[in-house]
Amino acid sequence: MRGLRWRVLLVLSLAAVVPTVIVGVLAILRARHDVQDEVQRGALAHIRALGAALDGTLQDSRRTVELAAATWADAPDDVRARQLLQRRLRREVPIVKSLSLLSPDGALIDGDPVPAGVDIGSHSFGGYIGDAVFVDERPLVHLVVQARSRTGELIGVVVASLDLGFVHDVIAAARLGPGARVLVVDGAGVPVATSDMAWPSPTSLAGKDPVVDRALASTVEGTLSGNGMVSAYRNLSSYQSLRGVRWAIIHQQPEDQAYALARTTTRDTLIIGIVALALALAFGAYFATRLTRPLSDLARRADAIAAGQSTEGPPVRGPGEIGELGNAIDEMAKRIAERAELAAALARGDRLASVGVMSAQVAHEINNPLTTVLGYAKLLLEDKPDGHPDRNGLELIAEEAERMKKIIGGLLEYARAPRQSEPATVPATGSIAIGSSEPAAVVRHVAALVAPQLRKAKASLVVEVPDQRAVSIEAHALQQVLVNLVQNAAQAGATRIAIATKPAPGAIATIITVTDDGPGIPAADRARVFDPFFTTKAAETGTGLGLAVCKHLVAVAGGTIEVGEAADSHGAEFRVTIPVA
Amino acid sequence: MRCLALVALIACGHSGPAPAPIKFLHTFSPDETELFNAIMVEQGLPVEAKLAPFARGQQVIGEMLRAGKNCPDLIRIDATWLPGLAPQLAPAPAGNEWLPEAAVSDVAMPETIDGLVVVRDAAAPAPASGSVGDLVAAARAAKHAERKFPLGLRVDGYWLVPWLRAHGGELQPAGLGEIGDTRATDALAEFAHLFGDVTAPPPPSGEEAPEELRLWTSHDVAYWVTGPWQIGALKDRERLVVSSLAGAPRGGQLLVVPKCARDPAAGWQLARVLTSVEVSKRFAEAFATVPTRKDALAASPALVQQIYAALQTAKPLPRSPVTPLLFDDLNPALAAVVSGDATADEAIAGVRRGWARLTR
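Protein chains in written order, with my numbering: chain E, 3 to 583; chain D, 34 to 393.
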């Protein structure tokens with residue numbers, strides 16, 4: 003049965019634990035992947051927001067300069083209006099570092115000197131933004147805007163140098179994760195601003211940093227993992243729309259710090275999973291044991307039954323079918339016990355029957371000469387006067403002969419009684435037949451019969467027998483049973499004997515109890531008192547056949563006789579139950 | 034010893050320097066760039082690709098090639114830039130069977146063919162001919178209460194070219210000068226007059242492409258003058274019919290190797306990959322790009338072949354170094370007339386002065 007428990011545990015493992023583990027592992031991997039995706043998406047969202055801020059500032063500046071250029075182109079010769087426009091432009095666009103107004107041929111008309119390297123040539127579709135340049139280590143970008151008149155004719159060119167310090171300010175104000183940094187590079191891969199340095203070195207990272215190369219080669223956005231870093235990049239689209247600048251914003255974070263949440267989540271999930279699994283196994287073992295325990299009990303019970311050992315034991319309890327199986331095995335054990343008892347009784351009955359027949363034959367053969375002996379002894383006694391020396395011997399012979407006749411009579415009576423296994427309707431000898439009697443009448447007759455003997459024994463008989471329904475036993479047989487019980491009580495030394503009757507539950511039988519205040523019958527002897535030749539009396543007073551005869555008589559009538567302890571624990575109580583007629 | 038020799042051999046085999054990436058300067062759109070990057074990964078070609086700003090491409094690339102430093106191995110350029118860049122370009126290898134409409138040159142490998150065509154809603158009747166007059170007539174006939182502006186046009190000098198050619202002009206300073214009477218002015222006035230008549234007023238600058246796409250998708254436009262670069266973005270391709278437009282400009286994209294290239298052979302190797310049937314077909318399927326090789330065209334979708342057929346009647350712009358620069362002055366002038374800020378006469382006069390500076 004121990005194997006059964008392990009097999010149940012194995013089934014539980016295969017059916018529940020293994021799939022749970024598989025699903026759990028897949029869930030952990032999926033969750034880890036999702037969290038990592040979220041980290042990358044978060045980085046992308048972050049640089050989108052930063053890029054939008056950068057785009058907005060630059061686009062606003064560009065549009066303002068374009069509007070100013072168009073205003074200038076409508077009145078190119080108005081010097082006062084031109085100077086006013088420059089002042090307003092410097093005031094409204096604080097990132098303007100320098101401002102130059104040039105003729106279509108590139109000659110300076112007003113404002114600051116033209117920065118070196120600025121191309122004011124044609125084919126710029128109205129203007130452009132160049133790549134980043136560094137002046138005194140500060141990044142600048144040159145914005146070139148064509149000033150066209152109402153008719154679209156080119157009147158001049160506005161060159162504004164924009165201080166890119168705002169890029170650094172925007173990035174520096176960003177709240178970044180541990181170890182993370184944000185980097186903005188121009189189209190040549192030159193860092194314009196970084197979040198971890200005051201001012202970056204104007205050295206291109208193209209060809210040195212794979213993320214920068216990927217960002218510059220891409221036109222949208224993406225992520226890249228490698229060399230222990232998680233990177234997200236995005237092109238600054240509005241810068242690209244300005245034709246000539248295609249910058250990128252890059253977010254980088256060490257992989258161990260970027261995926262710290264994923265790692266923590268995985269670890270916590272694993273711990274919780276292992277604990278849950280252990281609990282599941284523990285509960286599984288507990289329930290497996292609980293489930294298999296009744297089966298173990300059933301197996302043990304079955305083994306005991308098969309081995310012919312005791313079928314006694316506490317009932318096997320269990321849920322559902324197991325409980326039903328336990329009940330069935332208990333019932334089976336009970337039937338087997340009854341059958342065994344029946345078989346034993348049959349064997350004993352056969353043996354007793356053989357003994358009875360033999361005893362009857364012997365008794366019959368002995369009875370005649372014994373009658374002769376008793377007759378001659380009594381005859382000789384009549385001839386012997388009192389005091390004759392032979393008289394004592396003759397009296398002893400007569401008494402012993404009487405006693406022997408009594409024994410022989412008992413044997414003959416027992417032998418004539420039908421065996422329990424025989425049909426009650428078929429009397430073995432015809433002396434006892436099934437009939438009916440009224441218990442009250444029989445009891446009163448018995449009281450009269452035993453009165454002399456009780457007086458001699460200085461015992462009293464109390465009768466509490468109300469008139470009741472007739473019972474299905476011959477009056478003679480019931481009388482013999484009750485006389486036997488009362489005489490036994492008197493011989494045992496009882497001083498108070500009582501006979502009482504009452505209806506059994508359901509009124510299907512009548513219970514007749516004979517109680518006494520004698521020494522009672524030891525518990526160890528109670529099971530044997532109805533066996534033939536078992537007696538606790540002295541050899542000269544008991545034959546050991548009286549109660550055996552009583553039991554047979556009651557059994558033939560379909561009743562039972564039991565012995566127990568009197569209600570007050572003093573004396574014996576015989577309980578005769580006989581079906582009503 | 035043999036083992037040691039083997040180990041040394043293996044070690045040496047893996048210790049060689051990685052091949053230098055092919056430096057490629059291109060003009061792909063964002064989506065095209067993504068496809069290009071994916072193809073390069075599939076092909077296993079190490080390429081260091083960078084985007085050239087289209088608007089200033091000729092100038093930026095010209096300055097780069099004249100400086101002769103950090104030159105790319107391969108450059109993708111617009112066909113109109115070729116005359117200005119040709120002196121700095123290396124001869125192109127011969128070999129492929131190019132389509133006659135491709136801008137074949139001794140110093141370039143043609144990659145795509147493009148130009149303006151008419152995209153018509155299949156439910157709308159076809160114009161009587163490919164002329165701009167019949168196109169406008171068909172559009173005008175398609176006007177009704179819920180479709181006030183059936184013709185899709187853009188305020189751009191490139192779109193003006195068919196109307197200019199219809200009046201006998203050409204997109205070149207001399208062309209304008211020769212027709213200094215009223216033909217260019219008439220073309221500009223006629224073109225500008227269409228906006229608010231059969232063509233929707235123009236959107237703000239920079240919003241042209243998405244607005245045109247929106248108008249087509251919402252069925253507000255039945256006849257749309259556009260190019261393959263926008264047809265490729267259309268989802269309901271079964272709805273459209275592509276036809277030719279008389280006098281439409283035709284161009285394309287070219288692959289060139291500068292003389293200053295570090296590895297010209299690698300550049301041409303990449304060019305051959307980009308013009309291969311397989312890659313051309315993928316670009317054609319994704320973006321309706323018209324390939325330049327006959328076998329690649331045969332392998333392309335039916336829509337692409339329709340576009341190619343419509344472009345056969347289109348005519349390239351004059352091959353001059355100043356041609357791409359002409360739009361700088363023409364576009365603002367056209368916008369000024371369309372918006373009503375200037376008359377066609379005033380605008381053409383300004384364009385003429387601007388173009389005179391270019392040819393000085």
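Since the hints were derived computationally from the structure, they do not count as laboratory data. Think of the CB as a built atom: it goes at the ideal place given N, C-alpha and C, for glycine as much as any other residue. Wrong hints could be hidden among the right ones.
Below, computed lysine-lysine pairings styled on PhoX-like, alpha-carbon distance capped at 20 Å [as the list claims (entries may be wrong)]:
id: 1; chain 1: D; residue 1: 102; chain 2: E; residue 2: 210
id: 2; chain 1: D; residue 1: 83; chain 2: D; residue 2: 102
id: 3; chain 1: D; residue 1: 83; chain 2: E; residue 2: 210
What follows is a set of in silico ranges between Cβ atoms, one per label pair, in the way DEER data are often shown [said to hold, decoys possible]:
id: 4; chain 1: E; residue 1: 86; chain 2: D; residue 2: 71; range: 34 to 44 Å
id: 5; chain 1: D; residue 1: 229; chain 2: E; residue 2: 94; range: 41 to 51 Å
id: 6; chain 1: E; residue 1: 30; chain 2: D; residue 2: 75; range: 26 to 36 Å
Hints, verified against the model:
no.: 1; hint: D:102 to E:210; verdict: holds, 19 Å
no.: 2; hint: D:83 to D:102; verdict: holds, 15 Å
no.: 3; hint: D:83 to E:210; verdict: holds, 15 Å
no.: 4; hint: E:86 to D:71: 34 to 44 Å; verdict: violated, 54 Å
no.: 5; hint: D:229 to E:94: 41 to 51 Å; verdict: violated, 34 Å
no.: 6; hint: E:30 to D:75: 26 to 36 Å; verdict: holds, 33 Å
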